[in-house]
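Colleague: Listed below are the residues making up each chain.
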Amino acid sequence: MTARTLGKAIRTAALASAVAAAASMGGAAAAKNTIKVAIVTFLTGPAAGPFGVPGKNGAELMIDAINAGGLPGHSKGFGGATLDPVFADEAGGNSKQVAEYRNLVEKQNVDAVVGYISSGSCMATAPVAEELKKLTIVTICGTPSLFEDEPRSYVFRTQGSAVGDSIAAAHYVTQFMPDVTSYTGINQNYAFGQDSWKFFKQAMEQINPKAKASSNPQFPKIFSGQYGAEISTLSLDRAELVHSSFWDGDIEAFVLQALVRGFFDDKRFAAVVGDSAVDSLGAKFPDGVLIGTRSRSGILIRRDTTDPLNVWFIKAYKERYGAYPVGPSYQYAKAVHFLKLGLDKAAAAAGGFPTQAQMIEGLKGLSFNSVDGKTAMALGGGHQAIHDVGYGFTEFDKEKGEPAATNVKFYAAECINPPEGMLAEEWVDKGMPGAKCD
Amino acid sequence: MLDILKTDKTIRWAALAFLALALSGLVIDAWILNNLMFGLARGLAVLGLLVLWRTGLISFGHALYFGIGAYTVALLDTFAGVTDLVLRLGVAVAASAAIGFLLGFILRKYRGIFFAMLSLAFSMVLYGILVKIEALGSTDGFSVSATTIFGWKPETKFPLFCAIVATAVVAIVCVQFYLRTTLGHLTTAIRDNELRVEYLGYSVAKAIHIKYVISAALTGAAGAMLATALGQVDPDSMVNWTISGELVFITIMAGPGNVVAPFIGGIVFEFLRTYAFEWAPQAWQLIVGGALLAIIFFLPRGIWSIFEKLMARIKGSQG
Numbered sequence: 001m002t003a004r005t006l007g008k009a010i011r012t013a014a015l016a017s018a019v020a021a022a023a024s025m026g027g028a029a030a031a032k033n034t035i036k037v038a039i040v041t042f043l044t045g046p047a048a049g050p051f052g053v054p055g056k057n058g059a060e061l062m063i064d065a066i067n068a069g070g071l072p073g074h075s076k077g078f079g080g081a082t083l084d085p086v087f088a089d090e091a092g093g094n095s096k097q098v099a100e101y102r103n104l105v106e107k108q109n110v111d112a113v114v115g116y117i118s119s120g121s122c123m124a125t126a127p128v129a130e131e132l133k134k135l136t137i138v139t140i141c142g143t144p145s146l147f148e149d150e151p152r153s154y155v156f157r158t159q160g161s162a163v164g165d166s167i168a169a170a171h172y173v174t175q176f177m178p179d180v181t182s183y184t185g186i187n188q189n190y191a192f193g194q195d196s197w198k199f200f201k202q203a204m205e206q207i208n209p210k211a212k213a214s215s216n217p218q219f220p221k222i223f224s225g226q227y228g229a230e231i232s233t234l235s236l237d238r239a240e241l242v243h244s245s246f247w248d249g250d251i252e253a254f255v256l257q258a259l260v261r262g263f264f265d266d267k268r269f270a271a272v273v274g275d276s277a278v279d280s281l282g283a284k285f286p287d288g289v290l291i292g293t294r295s296r297s298g299i300l301i302r303r304d305t306t307d308p309l310n311v312w313f314i315k316a317y318k319e320r321y322g323a324y325p326v327g328p329s330y331q332y333a334k335a336v337h338f339l340k341l342g343l344d345k346a347a348a349a350a351g352g353f354p355t356q357a358q359m360i361e362g363l364k365g366l367s368f369n370s371v372d373g374k375t376a377m378a379l380g381g382g383h384q385a386i387h388d389v390g391y392g393f394t395e396f397d398k399e400k401g402e403p404a405a406t407n408v409k410f411y412a413a414e415c416i417n418p419p420e421g422m423l424a425e426e427w428v429d430k431g432m433p434g435a436k437c438d
Numbered sequence: 439m440l441d442i443l444k445t446d447k448t449i450r451w452a453a454l455a456f457l458a459l460a461l462s463g464l465v466i467d468a469w470i471l472n473n474l475m476f477g478l479a480r481g482l483a484v485l486g487l488l489v490l491w492r493t494g495l496i497s498f499g500h501a502l503y504f505g506i507g508a509y510t511v512a513l514l515d516t517f518a519g520v521t522d523l524v525l526r527l528g529v530a531v532a533a534s535a536a537i538g539f540l541l542g543f544i545l546r547k548y549r550g551i552f553f554a555m556l557s558l559a560f561s562m563v564l565y566g567i568l569v570k571i572e573a574l575g576s577t578d579g580f581s582v583s584a585t586t587i588f589g590w591k592p593e594t595k596f597p598l599f600c601a602i603v604a605t606a607v608v609a610i611v612c613v614q615f616y617l618r619t620t621l622g623h624l625t626t627a628i629r630d631n632e633l634r635v636e637y638l639g640y641s642v643a644k645a646i647h648i649k650y651v652i653s654a655a656l657t658g659a660a661g662a663m664l665a666t667a668l669g670q671v672d673p674d675s676m677v678n679w680t681i682s683g684e685l686v687f688i689t690i691m692a693g694p695g696n697v698v699a700p701f702i703g704g705i706v707f708e709f710l711r712t713y714a715f716e717w718a719p720q721a722w723q724l725i726v727g728g729a730l731l732a733i734i735f736f737l738p739r740g741i742w743s744i745f746e747k748l749m750a751r752i753k754g755s756q757g
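In the order they appear, the protein sequences are chains A and B. The numbers in the working numbering rise by one with no breaks, and the one at position 30 of the first sequence is 30. The numbers in the working numbering rise by one with no breaks, and the one at position 305 of the second sequence is 743.
Everything labelled a hint here was simulated from the structure, so no lab data went into it. Predicted model only: the values in this text are computed from it and were never measured. All residues carry an ideal CB built from backbone N, CA and C; glycine is no exception. Misleading hints may appear alongside valid ones.
Covered stretches of chain B (chain A as the covering partner; in silico rule of three or more C-beta atoms under 8 Å from a C-beta of chain A) [stated by the list, open to error]:
#	segment
1	468–482
2	513–521
3	578–588
4	711–720
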């Protein structure tokens, strides 16, 4: 150990002096062949199968395509460099993620970190990213607090927050379920679940004031897997509609357990981010459930998309992994795509491979079309994405033997997100001034 | 107590080794420093388990005190803005010792599997409370802001590292001292024959109670140090039963032979996990579990037995 530590120390010292020498020569824009990027997603545990692995697949597909120059309409490489991914597991709790984030940056010396599905992990690692000054692109993680609590210099998020999902859901319920007069919810007891319910309720109070919220919404622990007691409580509740932001294995477990209890016979169910379960449960997933994919992706657009990137992604993903891409596949692919576009822009501006500060300039405020439609980095000082969010009702396509969605409607990004500089809660409370809805 | 500093070989060597370790903090990479801090902090908790284990008691619920220590730091930081290291550590140790003292009245009556399971139950009560209550952070936990030492805000991690090393040394000296008192000598006696100890005129229940409080205080200190070093607390990484299991795992891996062993075990565990995580992100738990199996098969008295054998060989060659 001592010999190894000493060796490492000597190597570090040598490296440090080499870096110092290179810096003194003034070569800022040196050519670079590879960039090492950590891809963090659930590889073990209950969220791995339905969420983590499809996310990893999406990232892998996009990385390989860009490295090989196979992404339609795009140049090869990331700012000219090849991306060398390091996959890391998001399971094990937030404190473990913080320790692993440090290892990724300080031990493995990655150039950037892309990932984090759970709001818990991204909230825990963002302060460390700022402390270590490392470019970090958050792929999913729905809580609006990430950019509302404090400004971030090194953290980006290519996925809209739970605010957009919740407001769009309130619009959709009002428009397509006009007979609903009361609603309750079952959401996981952590940042994303709490925020999803809070904003759904708040938006419903503004958009659909005649519908009343139940006083007894359920908040089970994330990944708890058993919902018998909650399902009974919800069934006894008078509310007609049940809102849920369940994702990962929890949504599958809930649907299966609710099915055997006849839950779907007398309740209408809104699974606002539940699309991964529709594909994995197939014919078993009940029809007529309000379903969301968090962007122009997955089951909502699969049947009639014509967008070239979208078409390419679905085809390439299905060929390689034998299944349709689900929400997280799109979201991971989009984050990798975003990194490429920002690096290309920064490289063009710098006339060589960009420094991290130049990369961040390139990424900030970018608007781009990706595998799930248009995304604009419009909030959080150009660090937080907004994009359209839509919903539909599940309907199993018996002819094709695969799930599908009907009555699909998308709500524009500007309709469901607050303007820059305004807290989401305040904006919804004021009746969403300036929202551009059609 | 001063005598022990002069005469005890373990303490002399440990003090030297830990001084060298603290100095190495000036040259090693940041990630090694981090892992050493985590390993030493965990080692404090393992030392707490060792105190119990020597009496034949294994607690599957020490994450309770680990969590109390960690959450004391986080709550003090979040709700009162307390960042001072000494204050954080002091309150955390006091809180876990107090809870340990109260629960000790119940637990001291039980042995073996009943003791293990009852402590597990108590720790899961805390876990249940934490994940259910939003004000206590539910499953997200809290971020912990950087520590200060008597009002001074260090620029690097090195001072905190030294503080953790110093805490470990103090803990080693105290536990070694305790084991040499009459009460400490009862440790193995209780394991071997409780009845005889009672006939000698000592109260077994009281001896175990004291042990339990010492163990709780050490584990609380461990939680406080880990929370400070890591800057984050959450129930799944700090209070869940898997963490209790992890601590027992390290105790078995380190071996009961010596008060320094827990710290070696803690550090080995941290590095084992870091490398397993890096090499096999999809199967790192398998590697960590496999390592424990290998240690139980080939080193039944833990990693410390390697040192024991080495010492014996050195002595043998000299004689």
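Colleague: All hints, please: hold or fail.
Modeller: Hints and how they fare:
1. For the segment 468–482 of chain B, the assignment as covered by chain A holds, since 6 residues bring a beta-carbon within under 8 Å of that chain's beta-carbons and 3 suffice.
2. Chain A is given as covering the segment 513–521 of chain B, and this is violated because 0 residues of the stretch bring a CB closer than 8 Å to a CB of that chain, at least three being needed.
3. Under the rule that three or more residues need a Cβ within less than 8 Å of chain A, the assignment of the segment 578–588 of chain B holds, with 3 such residues.
4. Counting residues of the segment 711–720 of chain B whose C-beta sits closer than 8 Å to any C-beta of chain A gives 5, which meets the bar of three, so the coverage hint holds.
The structure fails hint 2 only (numbered hints given earlier).
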